[in-house]
Amino acid sequence: MRIALTRSSAAGLGLRWLWITPIVLLAALIAGTAIGETPIPVDTILKVLANQLLGADYAVDRIDAGIIWNYRLSRAVVAACCGTSLALAGVVLQALLRNPLADPYLMGISAGASTGAVAVAVAGLGAGALSLSLGAFVGALLAFGIVVMLAHAANSGVGGGRGVQAAGAIILAGIAGSQLFNALTAFIITKSASAEQARGIMFWLMGNLSGVRWADVTLAVPAALFGLLVCLWHRRSLDAFTFGADSAASMGIAVRPVRGMLIISMALVTAVMVSIVGAIGFVGLVIPHAMRFIVGSQHTRLVPATALAGAVFLIGSDILSRILVSGQVLPIGVITSLIGAPAFALILVRGKRH
Amino acid sequence: MQLSAEQLTWAVHGTPLLVDVNLTVASGQTFGLVGPNGSGKTSLLRLLAGLNKPKAGQVLIGNQPLHTLKQRAIAQSIALVEQQAETTDRITVREVVALGRTPFLSALQPWSDQNEAIVTQALLDVDMQHMANRLWHTLSGGERQRVHIGRALAQQPKVLLLDEPTNHLDIRHQLSILKLVKQLPITVIISLHDLNHAMECDHIGVMDGGRLVDAGPPKGVLTAFRLRQTFGVYADIFTDPVDNSQVMRFRSAL
Ligand SMILES: Nc1ncnc2c1ncn2[C@@H]1O[C@H](COP(=O)(O)OP(=O)(O)OP(=O)(O)O)[C@@H](O)[C@H]1O
Ligand SMILES: [Mg+2]
Numbered sequence: 000m001r002i003a004l005t006r007s008s009a010a011g012l013g014l015r016w017l018w019i020t021p022i023v024l025l026a027a028l029i030a031g032t033a034i035g036e037t038p039i040p041v042d043t044i045l046k047v048l049a050n051q052l053l054g055a056d057y058a059v060d061r062i063d064a065g066i067i068w069n070y071r072l073s074r075a076v077v078a079a080c081c082g083t084s085l086a087l088a089g090v091v092l093q094a095l096l097r098n099p100l101a102d103p104y105l106m107g108i109s110a111g112a113s114t115g116a117v118a119v120a121v122a123g124l125g126a127g128a129l130s131l132s133l134g135a136f137v138g139a140l141l142a143f144g145i146v147v148m149l150a151h152a153a154n155s156g157v158g159g160g161r162g163v164q165a166a167g168a169i170i171l172a173g174i175a176g177s178q179l180f181n182a183l184t185a186f187i188i189t190k191s192a193s194a195e196q197a198r199g200i201m202f203w204l205m206g207n208l209s210g211v212r213w214a215d216v217t218l219a220v221p222a223a224l225f226g227l228l229v230c231l232w233h234r235r236s237l238d239a240f241t242f243g244a245d246s247a248a249s250m251g252i253a254v255r256p257v258r259g260m261l262i263i264s265m266a267l268v269t270a271v272m273v274s275i276v277g278a279i280g281f282v283g284l285v286i287p288h289a290m291r292f293i294v295g296s297q298h299t300r301l302v303p304a305t306a307l308a309g310a311v312f313l314i315g316s317d318i319l320s321r322i323l324v325s326g327q328v329l330p331i332g333v334i335t336s337l338i339g340a341p342a343f344a345l346i347l348v349r350g351k352r353h
Numbered sequence: 000m001q002l003s004a005e006q007l008t009w010a011v012h013g014t015p016l017l018v019d020v021n022l023t024v025a026s027g028q029t030f031g032l033v034g035p036n037g038s039g040k041t042s043l044l045r046l047l048a049g050l051n052k053p054k055a056g057q058v059l060i061g062n063q064p065l066h067t068l069k070q071r072a073i074a075q076s077i078a079l080v081e082q083q084a085e086t087t088d089r090i091t092v093r094e095v096v097a098l099g100r101t102p103f104l105s106a107l108q109p110w111s112d113q114n115e116a117i118v119t120q121a122l123l124d125v126d127m128q129h130m131a132n133r134l135w136h137t138l139s140g141g142e143r144q145r146v147h148i149g150r151a152l153a154q155q156p157k158v159l160l161l162d163e164p165t166n167h168l169d170i171r172h173q174l175s176i177l178k179l180v181k182q183l184p185i186t187v188i189i190s191l192h193d194l195n196h197a198m199e200c201d202h203i204g205v206m207d208g209g210r211l212v213d214a215g216p217p218k219g220v221l222t223a224f225r226l227r228q229t230f231g232v233y234a235d236i237f238t239d240p241v242d243n244s245q246v247m248r249f250r251s252a253l
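Read top to bottom, the protein sequences are chains A and B.
For the first sequence, numbering that gives the first Met the number 0 assigns the number 0 to the initial residue and increments by one for each residue that follows.
For the second sequence, numbering that gives the first Met the number 0 assigns the number 0 to the initial residue and increments by one for each residue that follows.
Please note that the accuracy of each hint is not assured.
[What the hints assert, rightly or not] Reference excerpt, derived from the structure (chain A facing chain B, CB under 10 Å, subset only):
no. : residue
1   : P99
2   : S130
3   : D238
4   : A239
5   : G243
6   : A247
7   : V254
8   : S296
What the hints contain is simulated information worked out from the structure, not anything from laboratory work.
Quick reminder that beta carbons are idealized off the backbone N, C-alpha and C, glycines included.
Between the sequences and the hints, there should be enough to build the whole structure, so can you do that?
In structure tokens form, the structure reads like this:
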């Protein structure tokens with residue numbers, strides 16, 4: 000028994016389970032479309048899909064078809080993309096920075112996005128020509144840029160080039176940058192926002208899939224796929240960071256370019272997601288840890304598992320956010336944290352026992 | 000493969016940590032690096048492994064200057080076992096050793112049977128095959144050390160750099176690792192604190208205050224004078240009647 004506990008359950012786990020990922024994803028998407036205030040039978044959904052995608056000609060209620068295609072399906076797809084991207088960004092940052100608390104927003108992205116959104120919505124930056132999303136996207140990248148510069152400056156100060164110091168510098172710069180942008184957001188809100196506007200912004204920041212349409216899908220899907228491909232391509236580099244950046248370098252990883260490329264890719268993907276749906280918390284922190292417990296730390300398994308789990312988790316959270324309180328949609332960030340926090344606690348407790 | 004350092008200098012914040020180190024380790028030789036704490040052994044090994052760029056001078060592998068090679072190319076020839084390298088990841092012994100194959104794998108290459116065989120052999124070499132599926136955090140310090148060495152062996156290096164690899168090992172595994180290292184047909188540079196173990200190396204280099212103060216065959220280097228001068232101990236040196244080897248007996252600190 001003792002031996003069973005000290006051995007990894009993941010060691011014998013090959014990659015044969017991978018074939019279930021598309022099936023699970025599809026099932027989750029259909030569930031996300033079927034479940035809601037007006038439940039829709041699965042066969043109706045399949046008919047609408049056949050009509051839209053395969054050019055079939057099934058007779059379906061026009062209103063149902065509209066709800067399915069224009070509202071729920073696009074929403075479920077964006078939720079899936081967002082969950083995948085945030086969870087993968089978490090995997091990458093935790094692996095590279097060797098810090099279990101790293102999450103996609105570590106690099107000032109959510110703080111910058113909210114500043115950008117507030118600047119557009121409240122302070123009227125861009126005089127109506129800029130959308131909230133674009134403002135958020137620009138704000139996120141701006142904050143990320145500042146954090147990177149800060150980290151770079153802090154790091155070139157210490158010398159020696161040891162990976163530990165670099166990771167520490169990035170984390171500290173992220174905290175400083177986030178605080179700066181949060182203060183800016185607070186400043187703009189107190190300076191010029193009405194209570195109603197502030198509430199709207201708060202709601203948006205907690206994560207909101209209500210406004211999602213197909214136009215967002217065409218942005219979210221390529222971004223999520225890009226993130227997934229980058230992670231899969233670099234799965235062995237990520238493994239090589241197991242014992243830190245120096246050890247990775249001694250195993251042939253060009254640490255600076257690889258780490259820079261991975262962090263920038265993840266920051267871009269996260270910024271896209273935040274600009275579409277706001278800053279949904281906890282996915283990027285909890286899902287990677289949960290998956291490490293199930294499939295182990297090897298990224299060949301961890302990356303696909305995390306991508307799937309992130310997608311399913313966010314689709315599920317979105318369903319809950321719509322049906323939990325009838326007649327009202329809760330911010331999805333509330334749900335992810337409500338589920339995420341206890342789940343995280345459970346993982347920690349179970350981890351202790353191991 | 001021959002590894003050499005030419006007028007190697009390294010400094011942090013203007014503080015020189017390595018000064019004008021010249022060193023040549025012939026192909027297949029086992030070179031012992033000794034010196035008191037903080038004398039620069041780890042710093043030198045990091046430069047030799049290409050982890051830090053020298054401030055002046057260069058490292059040559061064969062006839063190639065190290066700085067002209069990509070990190071991946073370096074890792075295909077040189078493996079390093081760090082003095083300390085830890086992880087909190089849930090990773091098995093076998094997976095750690097498999098990391099050693101990283102420099103030879105590309106993104107599209109699947110894991111092959113040949114890689115599997117190399118990893119198995121490395122596990123056998125460091126006597127860890129019976130723990131292959133154990134998780135890292137369940138291992139003792141010495142077991143972790145052996146896994147790290149196994150990982151470096153899986154890299155199939157032409158030059159192996161070991162930073163105090165015998166640190167946590169029990170006496171049996173200290174001797175077996177030293178024997179394994181000596182038997183390897185590759186160039187090995189190994190930093191050691193146990194001077195009697197260092198006597199087993201083909202050549203010894205003594206670091207002191209960032210300088211390589213002496214290098215050569217063990218008997219000529221580890222003299223009573225050197226032990227007093229660099230290590231700050233009074234020692235007597237005997238000849239073991241069993242095999243005529245030299246044995247040091249340390250009497251007291253200066
Ligand atoms: N990045 C750094 N910044 C500042 N000082 C450093 C740095 N790295 C090493 N040093 C200093 O350089 C000197 C040599 O360190 P090094 O780690 O090479 O010693 P060592 O011979 O390996 O010692 P030990 O036997 O304790 O392992 C030490 O005085 C150390 O404090
Ligand atoms: Mg050292």
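Right, here's what the structure says about each hint:
1. Contact between P99 of chain A and chain B, as hinted, is supported at the beta carbon level, the nearest pair being about 7 Å apart and thus within 10 Å.
2. Evaluation of the S130 of chain A hint against chain B yields a violated restraint, the C-beta minimum of about 37 Å exceeding 10 Å.
3. Residue-level restraint check for D238 of chain A holds (minimum Cβ-Cβ distance to chain B is 6 Å; threshold 10 Å).
4. The interface hint given for A239 of chain A holds, since its Cβ lies 5 Å from the closest Cβ of chain B, which is under the 10 Å cut-off.
5. The beta carbon of G243 of chain A comes within 6 Å of a beta carbon in chain B, closer than 10 Å, and the hint placing it at the interface holds.
6. Contact between A247 of chain A and chain B, as hinted, is supported at the beta carbon level, the nearest pair being about 8 Å apart and thus within 10 Å.
7. For V254 of chain A, the suggested interface contact is upheld, since its CB lies about 8 Å from the closest CB of chain B, less than 10 Å.
8. With a least beta-carbon distance of about 4 Å to chain B, the hint placing S296 of chain A at the interface is held under the 10 Å criterion.
In terms of the numbered hints stated before, the structure departs from hint 2 and from no other.
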